[in-house]
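Visitor: Protein chains in written order, with our numbering: chain A, 1 to 113; chain B, 1001 to 1116.
For the record, the hints were derived by calculation from the structure and aren't laboratory data.
A few of these clues could be false.
Stated by the list, open to error - With the C-beta cut set under 7 Å, the calculated list includes, among others, these residues of chain B facing chain A: (1) GLY1043; (2) LEU1044; (3) LEU1046; (4) LEU1097; (5) GLY1100; (6) GLY1101; (7) THR1108.
Said to hold, decoys possible - Covered stretches of chain A (in silico footprint by chain B; criterion: 3 or more residues with CB under 8 Å from a CB of chain B, positions within the stretch not fixed): (8) 24-31; (9) 58-66.
For every residue, glycine included, the Cβ atom is placed at its ideal position computed from N, Cα and C.
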Amino acid sequence: KAGVTQTPRYLIKTRGQQVTLSCSPISGHRSVSWYQQTPGQGLQFLFEYFSETQRNKGNFPGRFSGRQFSNSRSEMNVSTLELGDSALYLCASSSGLATNEQFFGPGTRLTVL
Amino acid sequence: AQSVTQLGSHVSVSEGALVLLRCNYSSSVPPYLFWYVQYPNQGLQLLLKYTTGATLVKGINGFEAEFKKSETSFHLTKPSAHMSDAAEYFCAVSHILTGGGNKLTFGTGTQLKVEL
Chain A
1 KAGVTQTPRY
11 LIKTRGQQVT
21 LSCSPISGHR
31 SVSWYQQTPG
41 QGLQFLFEYF
51 SETQRNKGNF
61 PGRFSGRQFS
71 NSRSEMNVST
81 LELGDSALYL
91 CASSSGLATN
101 EQFFGPGTRL
111 TVL
Chain B
1001 AQSVTQLGSH
1011 VSVSEGALVL
1021 LRCNYSSSVP
1031 PYLFWYVQYP
1041 NQGLQLLLKY
1051 TTGATLVKGI
1061 NGFEAEFKKS
1071 ETSFHLTKPS
1081 AHMSDAAEYF
1091 CAVSHILTGG
1101 GNKLTFGTGT
1111 QLKVEL
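Using the sequences provided together with the hints, build the complete structure.
Guide: Shown next as structure tokens:
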């Protein structure tokens, strides 16, 4: 089975711009979660999508949003970028059952200048 | 609330020596616990997980971890370190969420260095 893929791998944006990141989960997986990884805050949960619906949300401002398509692919959008949004954004897929492990993609490295 | 504490942000061992990475958790319900490894410029790779059953869990690359409820610990070990084990290791606890599904809460990570 192919793993989780994320595009693009690297992005450079300037403050005030908006950005869209994409994630394709493992075939058959219906749940996609997004995490932000920074040196200062570590790994933090952004949100989870399951069957095209946002099922859970972390403690991030409304500038962070996402969606999931019928094929389970997911996109994450960040509007009005701030310097502090520079991070590695990781997508994880799972079957959606609460006890199942999450499989991570390689991440998208976002740099905000 | 559930949380994870990893003792030691940096651990250095000699090649062939025992690897011990410490993880303690806090959970009001029986926890689901995971260890992930991250190599530079890569995502997280699952090493092993504990859900229920046998408390000694074996994972990939010769790693194993033991769930000790009395000590609220889930330490990761490997009998003999290899240079390729140099990476950052994360312990995580799974939260079952009211909306269904789960989210992972991670420790701050331990950077493992393996020296010749």
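Visitor: State for each hint whether it applies.
Guide: Verification of the hints:
no. : hint    : verdict
1   : GLY1043 : holds (4 Å)
2   : LEU1044 : holds (4 Å)
3   : LEU1046 : holds (5 Å)
4   : LEU1097 : holds (5 Å)
5   : GLY1100 : holds (6 Å)
6   : GLY1101 : holds (5 Å)
7   : THR1108 : holds (5 Å)
8   : 24-31   : violated (count 1)
9   : 58-66   : violated (count 1)
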